[in-house]
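Chains as they are written, first to last, in our numbering: chain A, 1 to 469; chain B, 1001 to 1368.
Quick caveat, the hints were computed from the structure, so don't treat them as lab data.
All the given hints hold, so there is nothing to weed out.
If the Cβ cut is set under 7 Å, some of the chain A residues that face chain B in the computed set are: (1) A404; (2) R443; (3) P448; (4) T450; (5) A452.
Small disclaimer: the values here were computed from a predicted structure and weren't measured.
Even glycine gets a Cβ: it sits at the ideal position worked out from N, Cα and C.
Next come the chains, spelled out residue by residue.
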Amino acid sequence: MTKASDLAPSYDLVVIGGGPAGLAAAALAARAGLATVLFDENPGVGGQIYRAIGFSPVKDRTILGEDYWAGAELAAEAKASGASIVTGATVWSLDPARLVGVSIAGQARLIQAGRVIIATGSLERPFPVSGWTLPGVMSAGGAQTALKAQGLVPSGRTVMAGGGPLLWLLAAQIMRAGGRLDAILDTMPRRNWLRALAHLPDFVLSPYFAKGLKLLREVRAKVRVIRTDRIEAVGGDRLREVVFTVGADERRMPADLLLLHQGVVPNVNLAIAAGVAHAWNERQLCFEPVLDGDFTSSVPGIAVAGDGAGIAGGTAAAERGRIAAIAAVRALRPAAAVPDLQTIRQRLQREEMGRAFLDWLNRPADSFRQPTGDTIVCRCEEVTARQVRDTADMGCEGPNQMKAFLRCGMGPCQGRLCGLTVTELIAAQRGTTPAEVGYYRLRPPVKPITLAELASLPIAEAERKAVER
Amino acid sequence: MRTADVVIVGGGIHGCSTALHLALRGLRPILIEKDYAGRHASGVNAGGVRQLARDLHEIPLSIASMGLWERIEELVGDDCGFESHGTVLVAENETELATFRARVEDLRLRGFTHEELIDRAELKRLVPAVADHCPGGVVSRRDGAADPFRTTQAFRRRAIEKGAEVLEGVTVTGLTKVGANWRVETSAGPIEAPKVVNAAGAWADRIAAMLGEPVPLTVVAPMLMVTSRVPAFIQPVVILRGRKLSFKQLANGTVVIGGGHLATSNRDRNETVLDWDRLAISVRTVWELFPAMRAATIVRAWAGIEAYMPDGIPVVGPSSTAEGVFHQFGFSTHGFQLGPGTGAMMAELVATGSTNTPIDGLGIERFR
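Construct the complete structure from the given sequences, taking the supplied hints into account.
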């Protein structure tokens, strides 16, 4: 295990996040001779897609699928490349001068990076329905983590709700692993097909077409799929039943576990805190960093690769990581040999081909993104949709003012669970666009750190001088 | 051509307070703010409402302000989160305590009684969690803390209700005298008014420069941190003299740690970059002073951009070169408490040409 005291004060390249983008980037850069360190906050690399790769208790390869096991190769390559792979390392700050704040086992350090590749991936889009904060309701991603890392599957009455490729993948994985799944409530509006259809030809040619069809067939053969446009989690101390509507009928389904998922969005917190410019993506309904063809951001020397650069999936993430790494190598060691960039770009293009179809098809309905009434929006500070809407009506124009009025986004999650919802609610209420409203201004630490950790920073020269004042 | 009685440049607490007090006097001010009210220091400061440890020149303004803070809800229609549990200046050793004693005695001779020397027992009573090595300190019992953004917004809102106009997202590009009036060129067109108040904070030197009145202002961004919620353990705001620290637990249990270590700032980009080495210094001070805080978690750190003057006190009063223009800036990281009272004084000065609140020694002419 690498300790904080083992770290060099500076590296040519700091890669943040050990999913496919980070692993591929670190491997390529280290092989080309850059002094490279990769930080990942989890006990092992892999990110969410390859979580627990190398030590997952799930040994039957058919359960998680061959795509999952492809992660082992990426991890092995990174390990063999000579890059320092540091797990259990939480990056809590990154500034425009590329100073990286990181904590390992309670010890903090500031590391200077020549270049930075942010590969912090995605997180699940907020799914604010009534009752989503009840015990017994969790995100599908959380359930997948439990499966990959601990081999745990649901055994009680389980309902899944939402949509998107990952929902169907998890459904298949749970059932293959012998878990229980009573029903899937499909919340994706049927009219999404209208926009998606134009992109069907590209999708048919993409690697996702065959895989996706097979997956859908596998799941539909074993579990009831019900289309709905309204969901409510109901219970006292914990979830008791899921209430939903089918046409004009209201139905109730007793449940011990409700797994919610309506797609993933870029995890923008670190990039925003570093000052990287972001823009609204109307198709994917999220903010994403503004990047050039090499995935370099508006801040010199900082690139964003993987799903953090815009959702495109794990295989594309690795290719994006390689492209960003080649740019880093070219900047720092122009003479070093690197793989052929054109080949990588072509592979990336092929991976991204089906994306427009998937995005339009799995675009969550307004009603599931813009809640009303007493539905909680900000879980940390328990702020409701009504409060956010009323405050917007009062004249509050943006999420940063909203923070000051309602404290939403000020809790430990730093807006990860409410940011998009708050932006969209303000836009809806004020008759403008999310692009116009903007996102939270995020400040480090992007992950909470203890006073003890911060106090453990090596004492700088500045301190001795400052004491004099 | 848009006209007004007074154009105020800057929508911090000072500009908003002056706008309100002018409107209360029946004048029609227009306030111009380049971002939105409270975007910078006024919205993101530590919220300390402190008379304690002020420069002698500011004490009259501070005392006038305190009177307004104590009826803030009546004034602006919002309690602004103001709570009064005092400010305690903690002495970390006997030498510091001796300095504090001399200061309190000096103030008393001048007729100011708001600062009160306290011994170890009273310190422990007021701040039970403080480390045992501290021999005493000074308390100002009427002091307290408020929510800065909410306060600035409340002043803005009430000013508008009383007839002020607030233009946000508008920048001032020029100032010229046209007859008896000042013509204020802005990104939203010109405005003419006989009087102008420069309350532009970290950007105020640029307004002064338009008047041929250069002023040695430094742009600073003091850093603050806030922790996750911890059980209530401290009521007063605590500050230190020897080491930079201000420390306050809010009603929701979170603790705001500040004290004046500076971030790197860029006022042209509204940008601040935190200096973690210096934040670590504040954290180590808290570590020593309040052992109970050691397991707490820092959830956010930030810095607001503001102006610092070479002598650490504000520029308040008429311009020395331009008749009809008044300055109200440079509060040097301690202007929040002064907002209500300075706005009232400035409105009086602008409206009547003089004020009953002494502002001697704060004029811009000291930098000539």
